[in-house]
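All chains should be modelled from the sequences, with the hints used to inform the complete structure.
So the protein sequences, as listed, match chains L and C. Note that this note's numbering has the first sequence beginning at 22, numbered continuously upward. Note that this note's numbering has the second sequence beginning at 1066, numbered continuously upward.
Treat each hint with caution, since some may be false.
[What the hints assert, rightly or not] In silico DSSO-like links for lysine-lysine, alpha-carbon gap of 27 angstroms or less: (1) K83/L with K1194/C; (2) K82/L with K1117/C; (3) K83/L with K1150/C; (4) K1309/C with K83/L.
Hints listed in this document are in silico derivations from the structure and should not be mistaken for laboratory results.
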Amino acid sequence: MKDHAQKRVEQLQAEGQSDAYLYGAEPAGEYSALNSFFLLKDKASVYNLPEAPRRAAAHLKKNYLFSFAASLALTAVSVLLFSGEKHG
Amino acid sequence: MAEVLDRNLAEVQEHDDKRDVFSQLTPVYDIQSAANPDRLKEPGYYGLPILKRPFWKWEIALYFFFEGVSAGSYILCTMAGLRDKTRFEDLIRGGRFLSFCTMVLCPPLLIIDLGRPERFHHMLRIWKKTSPMNHGAWALTGYGTVASFLALLGLKAEWMPGGALTTAMRLAQRWVPERVIGLLGLPFAWTMVSYPGVLLESTANPLWSRSHFLGPLFASSSMSSGAAALTLLNYGSKDHGLHKALTTFEDVATVAEAASVALYLGEAKKAAQPLWKGKQRVLFLVGAIGLGILAPAVLRRSKSKVVRDAVAPLLTLAGSLALKWSVTYAGQESALDPAMANFNGETIDGKAYWGPTAPATAAVPANEGATVAL
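Below is the structure:
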């Protein structure tokens, strides 16, 4: 399929339609190649397709890292504080 | 933005399809009647929002608050127990009951929020490593078990009615390694504190997902609300060192919370608009930031004990609720804003582009092209 589409793009470009390209056939940004791809002649947004789609799970590790860093750091602070002197 | 939002709320009819359980919880837009050609040039699909409104409401906002207080106080009590078990005996006993009482509210809140409440146990039939919601379900299960057990152990033997029960309680308190169990529950409690923000960040909602700092914000807010609840519980304690420790902890947590808010707003930029322009702006700006973060920081320096150890922690607790409530509800407005939901030019890391031209031109708002072609 992909080869077929690529040939079609090359054929169109040879005919002078230099703006033809495949949307979703190659990995981009946070996504790998899509299971369905499109031959487009304009910006993806014109066809109601996202140009830079975000994938929620792509940031999962980093988000967890930041979040756990905050809670572990505060826990460490509490250990230090609880070892203070007892007054009164 | 406000006009678009108001019009969307007024004009876009929401289906209520009785056959579809989800359409009763989250709106399904009546596209046929709302998508008129006059709105062709508007952002989104004929001016319609491309995201569904999240159906997380008061149950989830309250859940975030209660589980924060519960796990926050659990962590602090466990740490106090590690340092000095006898000195902090009262703090720990009170804290264990507090953790239990606030934890007990969580499963019902989560279950009534489900579309099919009777199927809640399906969440525990799987382990899905990409789903923070699944992590949370498991963390709550593990944490809830440990917190309940420790609260039970905290009951005094003489409170037991019968002779056999009293003896059993004495034996358990003598032989069960309370500190080891407390440590076993710690990873669950840390997850409970850390995952709510990550859960929101893993959605498609612009307000929630355009920053890495919602997690730390919720985590530090939870820890500070746990400390505030412990301060209130130990108001009558004669141990001034304890009061000082809790107050200083509040200060540190407040700094972490303020830094997280600043980083969050700085990173989310326009996506965080509903928090300062939307319906939740008073609750967020005045409630969460003003009364919940800034005011207690000042009041903790007061010479009066009532202000320092009662008013300030009460405000901290209220502020934590206000923060979680406003962020949860503002997500609904965020999803209704078609321009923001459609704006895919900028990702957090600034990469991602599909198309014929160089990535430099990718930052064109997605809706601009639509006006040309359609």
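Results of checking the hints against the structure:
no.	hint	verdict
1	K83/L with K1194/C	14 angstroms, holds
2	K82/L with K1117/C	25 angstroms, holds
3	K83/L with K1150/C	36 angstroms, violated
4	K1309/C with K83/L	34 angstroms, violated
Of the hints listed earlier, those the structure fails to meet are numbers 3, 4, in rising order.
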